[in-house]
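> With chain L held as given, fit chain X onto it using these hints.
Now for the letters of each chain:
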Amino acid sequence: MPDGSLLVQMLIGALLGLSVYLPLAAGQLSLATPGFMTVGGYVAALLSTRVAALGGAEPLYPLPWLLLELVLAAVIALALALVVGLPVLRLRGIYLAIATIALNEILRVLLLNSSWTGGAVGIFAIPQPFGDPLGYLAALLLLLLLAGAACQVLAGHPLGRAMAAVRDDELAASCSGVDSFRVKLLAFGASAVLAALTGVLAAHFFNTWNARQGSFDASITTLAFVVFGGSRLWLGPVLGGLVLTALPELLRPVGDLRLVVFGAVILLGPLLFPQGVVTPALLQRLPLPAGWRRRLLP
Amino acid sequence: MVRRPIRRSLPWLLALAPLLAACSRPAATLPTTGPLPVGAVLALTGNASLYGQDQRIGLDLARAAHPGQGRPLALTIEDGGSDEAGATGAFQLLIRRGSLALIGPTLSQQAFAADPIAERQGVPVLAPSNTATGIPQLGAFISRVSAQSSVIAPLSIDRALKLLPGLKRAVVFYAQDDAYSTAETTIFQKALADRGLKPLSVQRTQLNDQDFLNQISAALALKPDLVVLSLQAVDGGNMVRQLRELGYTGTIVVGNGMNTPNIYPLCRRACDGLLIAQAYSPELDTAANRAFVQRYRAARGSALPPQLTAQAFTAWQVVAEALARLQSRRPLGGLPLAEVRRELNREILAGRYDTPLGPIRFTPEGEVIQERFYVAQVKMAPDGRTGRFALLP
Numbered sequence: 102m103p104d105g106s107l108l109v110q111m112l113i114g115a116l117l118g119l120s121v122y123l124p125l126a127a128g129q130l131s132l133a134t135p136g137f138m139t140v141g142g143y144v145a146a147l148l149s150t151r152v153a154a155l156g157g158a159e160p161l162y163p164l165p166w167l168l169l170e171l172v173l174a175a176v177i178a179l180a181l182a183l184v185v186g187l188p189v190l191r192l193r194g195i196y197l198a199i200a201t202i203a204l205n206e207i208l209r210v211l212l213l214n215s216s217w218t219g220g221a222v223g224i225f226a227i228p229q230p231f232g233d234p235l236g237y238l239a240a241l242l243l244l245l246l247l248a249g250a251a252c253q254v255l256a257g258h259p260l261g262r263a264m265a266a267v268r269d270d271e272l273a274a275s276c277s278g279v280d281s282f283r284v285k286l287l288a289f290g291a292s293a294v295l296a297a298l299t300g301v302l303a304a305h306f307f308n309t310w311n312a313r314q315g316s317f318d319a320s321i322t323t324l325a326f327v328v329f330g331g332s333r334l335w336l337g338p339v340l341g342g343l344v345l346t347a348l349p350e351l352l353r354p355v356g357d358l359r360l361v362v363f364g365a366v367i368l369l370g371p372l373l374f375p376q377g378v379v380t381p382a383l384l385q386r387l388p389l390p391a392g393w394r395r396r397l398l399p
Numbered sequence: 004m005v006r007r008p009i010r011r012s013l014p015w016l017l018a019l020a021p022l023l024a025a026c027s028r029p030a031a032t033l034p035t036t037g038p039l040p041v042g043a044v045l046a047l048t049g050n051a052s053l054y055g056q057d058q059r060i061g062l063d064l065a066r067a068a069h070p071g072q073g074r075p076l077a078l079t080i081e082d083g084g085s086d087e088a089g090a091t092g093a094f095q096l097l098i099r100r101g102s103l104a105l106i107g108p109t110l111s112q113q114a115f116a117a118d119p120i121a122e123r124q125g126v127p128v129l130a131p132s133n134t135a136t137g138i139p140q141l142g143a144f145i146s147r148v149s150a151q152s153s154v155i156a157p158l159s160i161d162r163a164l165k166l167l168p169g170l171k172r173a174v175v176f177y178a179q180d181d182a183y184s185t186a187e188t189t190i191f192q193k194a195l196a197d198r199g200l201k202p203l204s205v206q207r208t209q210l211n212d213q214d215f216l217n218q219i220s221a222a223l224a225l226k227p228d229l230v231v232l233s234l235q236a237v238d239g240g241n242m243v244r245q246l247r248e249l250g251y252t253g254t255i256v257v258g259n260g261m262n263t264p265n266i267y268p269l270c271r272r273a274c275d276g277l278l279i280a281q282a283y284s285p286e287l288d289t290a291a292n293r294a295f296v297q298r299y300r301a302a303r304g305s306a307l308p309p310q311l312t313a314q315a316f317t318a319w320q321v322v323a324e325a326l327a328r329l330q331s332r333r334p335l336g337g338l339p340l341a342e343v344r345r346e347l348n349r350e351i352l353a354g355r356y357d358t359p360l361g362p363i364r365f366t367p368e369g370e371v372i373q374e375r376f377y378v379a380q381v382k383m384a385p386d387g388r389t390g391r392f393a394l395l396p
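These protein sequences, in sequence, are chains L and X. Per our numbering, residue 102 is the first one in the first sequence, and the count goes up by one each step. Per our numbering, residue 4 is the first one in the second sequence, and the count goes up by one each step.
For reference, chain L alone in the conformation it holds in the complex:
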């Protein structure tokens, strides 16, 4: 049975999955999610440990200041995404992916070698806004529900349709009057904001924050959430994030073989479900109420 803290990590995985999904929904393969998450985490870690006026010394870190961190992290991540997105989003496919890896690396090396970020040790003893994993669970669940609802609204919104059009054929979409660059930039910005918000909560939850959170490994892990879960519907990356985060822990009874089994699952996922586990075809087959199916399908 997963415990509260594993559920928190699963929700963090689901949110990061969504953050990778958003640019993908506009046809952009961005691996910058861990980078933006790192930025969000550092905003939380620095504010709560270095600014004494925010009440970091109190038994429980005051919630209003947590909200302030969330807002600030979102603003900084959005600004960074726009500045970086302007030149980078002119690239496509694998070139964009490489450019976003470069962004992660630049952020990582900067953070590692600055004294105010604590170098490789990072920042530890980050104060806790909740006395229990259940608090984090509630906060992250709320964030996930909001993000999911936004994705759901987006599916029927002109912007969402524009994103799908750019994904399917950017040239055709541009010819039909879609401002494809703006659409891509918005998706990239939304992805950055979501990752940064997740980072704020994750930094408090993990007590400690360092630049390793934004490593290349983390990029690939978050991409695996989407590849495993499916990139057509927002439920796909959520499922992928939940399952792939939980699996290594749930497999502990298997002992030393657990990472082998985990690797096999990652391998078998795309083999058996090339489009990811959650696909429109799957939703058609599932015995869902008709209203749900209509709403979930694009």
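Since the hints were derived computationally from the structure, they do not count as laboratory data. Cβ atoms here follow ideal geometry from the backbone N, Cα and C, with glycine treated the same way. Heads up, a few of these hints could be off.
Said to hold, decoys possible - Derived coverage of chain L by chain X (criterion: at least 3 residues anywhere in the stretch with Cβ under 8 Å from a Cβ of chain X; other residues may be distant):
id: 1; region: 216 to 222
id: 2; region: 305 to 314
What the hints assert, rightly or not - Partial selection, computed: residues in chain X whose CB lies under 10 Å from chain L:
id: 3; residue: ALA116
id: 4; residue: ARG123
id: 5; residue: ALA178
For chain X alone, coordinates are given in the frame of chain L:
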């Protein structure tokens, strides 16, 4: 607003069921029968797994040597991986299963994340291998048997200068993305500067690097006669091999990260001559250590036990002896778990222990007080496959 029938919300409620189930708490009192649970979180996978293997051997030997007086002790070892999330998950799991104390985690970086979880729930943590500054300061329940690197690291520099007083040109390497490496290199660099050997160059590597050609070329261009490495076992072993392959013949001092015989297969013959300061020497001539070395040899053949194994053995011994003293005063069965953990923590810190590391005790904060440290030199066998840390007189 339209009211929705409950039937429609049912799937969502079902999806939330695991969340609600997670709220259930384990039994809050210690059972009156059965073994006393103790947990250990070791890095058995990931880039720190070479350390975790050494530690597992130490715990296994210690369990046989100190099975517990009164009620037997039951050890559960969980893999904490080599990152924060793995250690955090394993800590939570063991605490939920009612562990009275936790041994671990392997890396200091993991300790900064996982120890506060145990601290908040009042579970004693005894670190067998965390050497970074600030670990016992994480809380009242956190202590360690591993002396911190600021005490040990400068000893090897002193020894190098004693062996070769003419050393003038020092170069330092460290992994810039690793907490242990960056913490230890600061200590090494200060020790060098204090002895008039300010490093000519500080080369930065990455923990997962395999190839160090660029950094080594830049360093060797300065014609150093002393190289100081703060690297973990895997990158450090490769670094030593490449340094020798690229023609460096001078002295190499290494930090605690390479304090394991598991570096031998990586640098082979090139390991020969490495200088290292240690918190444990198999050549320490005390009854406790002789017995430990004998046990190790009975289990592992002719090899000598490494420091990580001795420290893990010591951690178990401390927990076992503290629990034995606690039980000799009153039976623990039926007491609230929180109370047993609190008393055990007090008992751990109050005791004196005759261990393979020598006699040890703790400061009230949980820092280990150990009498002797050692400087060893690696001696490789002619075949380049096996070697030993030979204690320097």
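> So, ALA178 (chain X) near chain L? Judge it on the closest CB pair being under 10 Å.
This interface hint holds because 8 Å falls under the 10 Å limit.
> Could you check if ARG123 (chain X) really has its C-beta closer than 10 Å to a C-beta on chain L?
8 Å, holds
> Count the residues of the region 216 to 222 of chain L with a beta-carbon closer than 8 Å to any beta-carbon of chain X: does the count reach three?
holds (count 3)
> How does the coverage statement for the region 305 to 314 of chain L fare against chain X, requiring three or more residues with Cβ below 8 Å from a Cβ of that chain?
holds (count 6)
> Next item in the hint list is ALA116 (chain X). Is there a CB on chain L closer than 10 Å to its CB?
4 Å, holds
Against the hints set out earlier in the document, no violation occurs for any number.
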